[in-house]
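Could you build all of it, start to finish, from the sequences and the hints given here?
Chains as they are written, first to last, in our numbering: chain A, 21 to 362; chain B, 21 to 362.
Derived by calculation from the structure, the hints in this document are not laboratory data.
Hints should not be assumed to be uniformly reliable.
Derived SDA-like pairs: lysine to any residue, alpha-carbon spacing no greater than 20 angstroms straight-line [claimed, not checked]: (1) B:Lys64 to B:Gly182; (2) B:Lys290 to A:Gly226; (3) A:Lys64 to A:Gly182; (4) A:Lys290 to B:Gly226.
Chain A regions said to be covered by chain B (calculated; three or more residues, Cβ under 8 angstroms) [to be verified]: (5) 210 to 219; (6) 287 to 301; (7) 323 to 337.
Pair ranges (Cβ atoms, derived) [claimed, not checked]: (8) B:Ala184 to A:Asp85: 52 to 62 angstroms; (9) B:Glu281 to A:Gln195: 55 to 65 angstroms; (10) B:Ser139 to A:Glu281: 30 to 40 angstroms; (11) B:Met121 to A:Ala164: 36 to 46 angstroms.
For every residue, glycine included, the Cβ atom is placed at its ideal position computed from N, Cα and C.
Number of protein chains: 2
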Amino acid sequence: MDGYRIAVIGATGAAGRVLLGIIEERSFPVSSVRLCASERSWGKIITVNGGDVVVEEPTRELLRDVDFLFIAASSGVSRELSPMAVDEGALVIDKSSAFRMDPDVPLVIPEVNGDDMESHHGIIAAPNCSTTPLAMVLKPLNGANNVRRVTVATYQSVSGAGAAAMDELRTQSGQVLAGDQPEPIALPHQIAFNVVPQVESFLDNGYTTEEMKMVAETRKILHEPELAVSATCVRVPVMVSHSEAVHIEFEEAITPDEVRETLAGAPGLKVMDAPESSVYPMPVDAEGRDEVFVGRIRQDQSHPRGVVMWIVTDNLRKGAALNAVQIAEEVLSRELMPAQRG
Amino acid sequence: MDGYRIAVIGATGAAGRVLLGIIEERSFPVSSVRLCASERSWGKIITVNGGDVVVEEPTRELLRDVDFLFIAASSGVSRELSPMAVDEGALVIDKSSAFRMDPDVPLVIPEVNGDDMESHHGIIAAPNCSTTPLAMVLKPLNGANNVRRVTVATYQSVSGAGAAAMDELRTQSGQVLAGDQPEPIALPHQIAFNVVPQVESFLDNGYTTEEMKMVAETRKILHEPELAVSATCVRVPVMVSHSEAVHIEFEEAITPDEVRETLAGAPGLKVMDAPESSVYPMPVDAEGRDEVFVGRIRQDQSHPRGVVMWIVTDNLRKGAALNAVQIAEEVLSRELMPAQRG
Numbered sequence: 021m022d023g024y025r026i027a028v029i030g031a032t033g034a035a036g037r038v039l040l041g042i043i044e045e046r047s048f049p050v051s052s053v054r055l056c057a058s059e060r061s062w063g064k065i066i067t068v069n070g071g072d073v074v075v076e077e078p079t080r081e082l083l084r085d086v087d088f089l090f091i092a093a094s095s096g097v098s099r100e101l102s103p104m105a106v107d108e109g110a111l112v113i114d115k116s117s118a119f120r121m122d123p124d125v126p127l128v129i130p131e132v133n134g135d136d137m138e139s140h141h142g143i144i145a146a147p148n149c150s151t152t153p154l155a156m157v158l159k160p161l162n163g164a165n166n167v168r169r170v171t172v173a174t175y176q177s178v179s180g181a182g183a184a185a186m187d188e189l190r191t192q193s194g195q196v197l198a199g200d201q202p203e204p205i206a207l208p209h210q211i212a213f214n215v216v217p218q219v220e221s222f223l224d225n226g227y228t229t230e231e232m233k234m235v236a237e238t239r240k241i242l243h244e245p246e247l248a249v250s251a252t253c254v255r256v257p258v259m260v261s262h263s264e265a266v267h268i269e270f271e272e273a274i275t276p277d278e279v280r281e282t283l284a285g286a287p288g289l290k291v292m293d294a295p296e297s298s299v300y301p302m303p304v305d306a307e308g309r310d311e312v313f314v315g316r317i318r319q320d321q322s323h324p325r326g327v328v329m330w331i332v333t334d335n336l337r338k339g340a341a342l343n344a345v346q347i348a349e350e351v352l353s354r355e356l357m358p359a360q361r362g
Numbered sequence: 021m022d023g024y025r026i027a028v029i030g031a032t033g034a035a036g037r038v039l040l041g042i043i044e045e046r047s048f049p050v051s052s053v054r055l056c057a058s059e060r061s062w063g064k065i066i067t068v069n070g071g072d073v074v075v076e077e078p079t080r081e082l083l084r085d086v087d088f089l090f091i092a093a094s095s096g097v098s099r100e101l102s103p104m105a106v107d108e109g110a111l112v113i114d115k116s117s118a119f120r121m122d123p124d125v126p127l128v129i130p131e132v133n134g135d136d137m138e139s140h141h142g143i144i145a146a147p148n149c150s151t152t153p154l155a156m157v158l159k160p161l162n163g164a165n166n167v168r169r170v171t172v173a174t175y176q177s178v179s180g181a182g183a184a185a186m187d188e189l190r191t192q193s194g195q196v197l198a199g200d201q202p203e204p205i206a207l208p209h210q211i212a213f214n215v216v217p218q219v220e221s222f223l224d225n226g227y228t229t230e231e232m233k234m235v236a237e238t239r240k241i242l243h244e245p246e247l248a249v250s251a252t253c254v255r256v257p258v259m260v261s262h263s264e265a266v267h268i269e270f271e272e273a274i275t276p277d278e279v280r281e282t283l284a285g286a287p288g289l290k291v292m293d294a295p296e297s298s299v300y301p302m303p304v305d306a307e308g309r310d311e312v313f314v315g316r317i318r319q320d321q322s323h324p325r326g327v328v329m330w331i332v333t334d335n336l337r338k339g340a341a342l343n344a345v346q347i348a349e350e351v352l353s354r355e356l357m358p359a360q361r362g
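Structure below.
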């Protein structure tokens, strides 16, 4: 076999396009590519691995000829297509939130909990883009010294809300610079030269769905169902990369140097921490990079066993598309394709 | 007496200009105005209360004819001029950090600790723009239920770094939109479409001076020298208004409703908290307003006696100039002018 038949749902979106690029970059073994999106994109042509691919409607027939189905679309789309794809023998790698908390669906960051994939039933979910970097940092630390509590404030780029939100930031920025009043469409309020403390929609407890995803998904990925986590998720006028200010409380005392050492040895992480030279992670530097960058690691002045840090990741890559492709690679190396498992 | 002889140091800066506007708005009783700034601004003309005032060099002679000296300049400038002004009989209201932690200098937010002014020796300091809103929220809460610990992540506008940083954000935003590479000058890194986890300079403990100001000043203002506080201060591409994501731990359990009620009755605060309608404080709405806005008040999911909230304030007004003018008003109503005290 020369490669696998892949299909991408949401191929024209921000994460979908990055996913196609990563498949090329990493030479993922592909024998055929089908691209799907919502109706307004049908007929569009996208170049993948040097060949032109027409964007089409996702049908059961199309899913029949697919080994890997990557879903970079809404949870509604995933709920409709994923069971159908599993039924047709495909392995679904789902970037949406549709099945993340389903006990029968592994929620996977390969470097953190790749073993959870072994028990899949055709769908493997990838975490939310703000959860992934946090879980990647917490995992090695929790191995060294039990993590007791995590609080986080995010600085999330507009690309997390899709290509329309990126266009909106660009357009609104030009309008504000020209002295015009911008009109919010894709996001709930003006985002240019503003910050909006709302990512997704509100629940009865006063948190947003995004904030509660960070809690529930982190617990599931780390196998720590009781871990105390609280998040404030905020949209900032940045195109790509999510940043997070994180307070972590440990069971035992720990020094910033121990944290730095533990994180420096962990897969997928890069410690970037030389504040005396103004070196720390930032969104513009993380964009296009695969690593989760960690800096500003210091003792929590307000807690004897606490550490504070600053985490930045390209939300479209490790936060979304890269993690999805890495899951597919891991499926292959672990021989977890539905056909292989007979 | 028709009014007071005032002088403003740093009159051409972002906070200085807002201060002059607030003096007009609030009809602060002024008999004469002298304006000073750094050398490159000498000779500039600024209109105050309908009259043109020439920007000049701050000299001892000038200070001799001043009742209120407002300093909206660097701590270096304040260290040079304040003792001289006190010597000449002026009352100094200092927005710089020069004397804030001096035990002989009251550090004042009139709504919070106006009584501290009674013991002044000629200088009254105003807090850092990120400290003021936090202390204003903590004060009434700490009265209701002891505050045990505070952690905060800030989203600070460029105006906190002065007019040059505001110009830089405007210029860089245009450059990025045009596809050009921006050059940082006023700030340590590109700020357009980026966030920078550095406000001011780094100390040996890994915190910035800005972050440690939030700790030390909050303790002094609240008369809580041991209060556990930890901050991460981040610059965001916003022109005016600082935002803060705040976790507060209390001695006794407290509900979000109790917090809302306590804050709603506190001076200078405005609760703006209807998340179901996407109503919460934001920088663009707070700009030009006097209040400290508080929203997203909710139980801390990670702590049994914790509450999380989101605070936004115009950093040039209540964070700086308005608080300075309010101090002057309070000096008058308490009859604390050096001459009055004999």
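Exercise. Failing hints, ascending?
Worked result: Hints 9 and 10 contradicted; others consistent.
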